[in-house]
Amino acid sequence: MTTLTPTRGGTASRRPVPSPSAPGRVREGGTILAVPALVWYLVFMVGPLAAIFVVAALHWPGMLQPVTFAGLGNVRTVLDDPVFWEAVRNTAVQLAVALPVMIGCAYMLGYYVAQRPPGHRVVRYLLFVPGLISTPAKAMVFYAALSPDGLVNGALTAVGLESLTDAWLASPSTALGALIALDLWSGIGFTAVLFAARLSSVPDEVGEAAQLDGAGHWRTMWRVHFPVIRDYVGVVTMLQFLWTLFGSAQHVLLLTQGGPGASSTTLSFLVYQKAFIAADLGYSQTVGVFLFLTGLVGLLLIRRSFRQNY
Amino acid sequence: MKLGKSWLPAHVLVWTYVVLLVVPLYYFLSSAFKTNEEIFASPFAPPSSLDPGNFSTAFHRADLGLAVVNSGLVTGFSLVLTLALAIPAAFALARSTGRLASALEKVFSLGFLVPTFAALFPTFLLAAATGLFHTRTFMVLFLPATAMPLSVVILVQFMRTVPGEMEEAARIDGASTFAVLRHVYMPMCLPGIATVLLLNFLTFWNEYLYSLVIIGPDPAQRTVQVALPTLKAITGTDYGVLTAGTVLTLVPVWVVYTVLQKRMQRALISGAVKM
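Protein chains in written order, with my numbering: chain C, 12 to 321; chain Z, 96 to 370.
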């Protein structure tokens, strides 16, 4: 981390020096060189994002069907749909469980690694692994682990707990839990490494002073180090919030297809499902708008609650 | 600080998590060399032979060879385009002090907060409208746009560290703006460029949902991440083949990670949190 934080002082020391060959404008500017990147960004990212709001106001029952203006009609349809509310509930449960557990565990794990206990290099190497694996590969890992004749049931049978075996991904009571487990399994390690990197840039004296005052590691970790990197924790929480909120569509698609029933349908999967499986495009993008606004409000709330307060 | 006896629970918990990370990977690697019967009978036993049969089955059934080539093409061209767009942009933003430039920089750094997934369907419409639906070309054009915020912000930070005197010296020798970029800034920002390449290599290679929707299931075009889940359906429950296929798709990433471990860790850490 330390090697990648160049100072921002570079600009201050730069003075325009007149030279006969190039007028000052050219040297100062070249801002025009930023235009292609900006155009690219606007066309492929901002444009489609704005289009969500347009499609949300259309009645569009399939790619080749005639399109009519629906106004707020889609909003009414969505709000009257029990599946939407089940998706809201699932997403809320997913966020409420995954986010605090992940950030809490990852912070403690990061603190642990930052103390350089024996074997911390091995731990650090392995914590990165889920960060490298693609979503389909992670989903295959979980598919192989949780399918009826997979790893978990095999392990349970091996230790004589056959009564606990279950079709984890196909049972309404465990499907959502399996998705949350996937979030945690892959998220904690990577997040912990982020925290460890940030914690190792906190001066050692801070911790030592606390120890001299008789504080144990538990107190030092939460009362001394946590406040110091509080805003960083906030930023990481924001990112994990976004990844969980929007990224769950892929996990659901690969593992449970939202079922059984709608028991593991999350909001982002609902967007996907209504657009590409049910071909109800206005509905899909209305949920998309809802999702986007949820993301925005969530970000603001997280930012507020992690504001540096010393 | 000294780690006393009270750390025992912490050691236990951490290593439990590490085991949870490793066991599925071990299971994958060993199952790739086993038959279904062997996997069910003894899931944790090491394979009795290193028979690559599962790998070749996976390779042929899901056309993985072609898929790897497709993924390589999409990733490679996208990386080139990303650099071609981001380097000049970062160069411009790092050198200018005007209000416009700082506004532009803000636009790019806000891009972190734009969730790519939200715009999946409109992007699909865009692909259809440009006539590039079901082509890898659209992904090559599209992926760099998603990478722009991160790449520009990282490169700007690196380019700010280039001392202004270096440019002045080059200018006195009559260098053009392009020459300054090519011969002064780029050589000095190689670590930054490497970071951007590594991060985006990982994202592009692992990209799934957009590839699925836009490139589609045509074996001649699809990427390896799209081909991989089809093994689940094709093979039914032939876990040996499924795990072998998954292991195959991980090889390129694993090779890069092992060779460039330190740099990659630093890149991932710096890339995750840049706001």
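Each hint should be verified, as a subset may be incorrect.
[Claimed, not checked] Derived DEER-like restraints, expressed as beta-carbon distance ranges: (1) L53(C) with L168(Z): 22 to 32 Å; (2) E216(C) with L168(Z): 25 to 35 Å; (3) V107(Z) with P47(C): 50 to 60 Å; (4) F64(C) with G148(Z): 22 to 32 Å; (5) S151(Z) with E219(C): 52 to 62 Å.
[To be verified] Listed below are several chain C residues computed to face chain Z (Cβ distance under 8 Å; list not exhaustive): (6) A48; (7) L49; (8) L60; (9) G84; (10) V86; (11) T88; (12) V94; (13) I144; (14) A155; (15) F257; (16) S274; (17) Y283; (18) F301; (19) G309; (20) L310; (21) L311.
In short, the hints are calculated from the structure, not lab data.
Quick caveat, the model's predicted, so the values are computed rather than measured.
Think of the CB as a built atom: it goes at the ideal place given N, C-alpha and C, for glycine as much as any other residue.
Now the hints, each set against the structure:
1. L53(C) with L168(Z): 22 to 32 Å: 26 Å, holds
2. E216(C) with L168(Z): 25 to 35 Å: At roughly 52 Å between Cβ atoms, L168(Z) and E216(C) fall outside 25 to 35 Å, so the hint is violated.
3. V107(Z) with P47(C): 50 to 60 Å: Once the Cβ atoms are compared, 54 Å apart, the range 50 to 60 Å for P47(C) and V107(Z) holds.
4. F64(C) with G148(Z): 22 to 32 Å: 53 Å, violated
5. S151(Z) with E219(C): 52 to 62 Å: Holds, since S151(Z) and E219(C) (Cβ atoms, about 58 Å apart) stay within the stated range.
6. A48: 4 Å, holds
7. L49: Cβ of L49(C) sits 6 Å from chain Z, so the hint holds.
8. L60: 5 Å, holds
9. G84: 18 Å, violated
10. V86: Result: violated, 17 Å to nearest chain Z Cβ.
11. T88: Violated, because the Cβ-Cβ distance from T88(C) to chain Z comes to roughly 17 Å (cut-off 8 Å).
12. V94: Not OK, violated: V94(C) not within 8 Å of chain Z, min 18 Å.
13. I144: The hint holds - I144(C) has a Cβ within 8 Å of chain Z, the shortest such distance being about 7 Å.
14. A155: 6 Å, holds
15. F257: At about 4 Å, which falls below the 8 Å cut-off, the nearest Cβ of chain Z leaves the hint on F257(C) intact, so it holds.
16. S274: 21 Å, violated
17. Y283: Hint on Y283(C): holds, closest Cβ of chain Z at ~7 Å, below 8 Å.
18. F301: 11 Å, violated
19. G309: 11 Å, violated
20. L310: 6 Å, holds
21. L311: L311(C) check fails; min Cβ-Cβ to chain Z is 10 Å, beyond 8 Å.
Violated hints, in rising order: 2, 4, 9, 10, 11, 12, 16, 18, 19, 21; the structure is consistent with all others.
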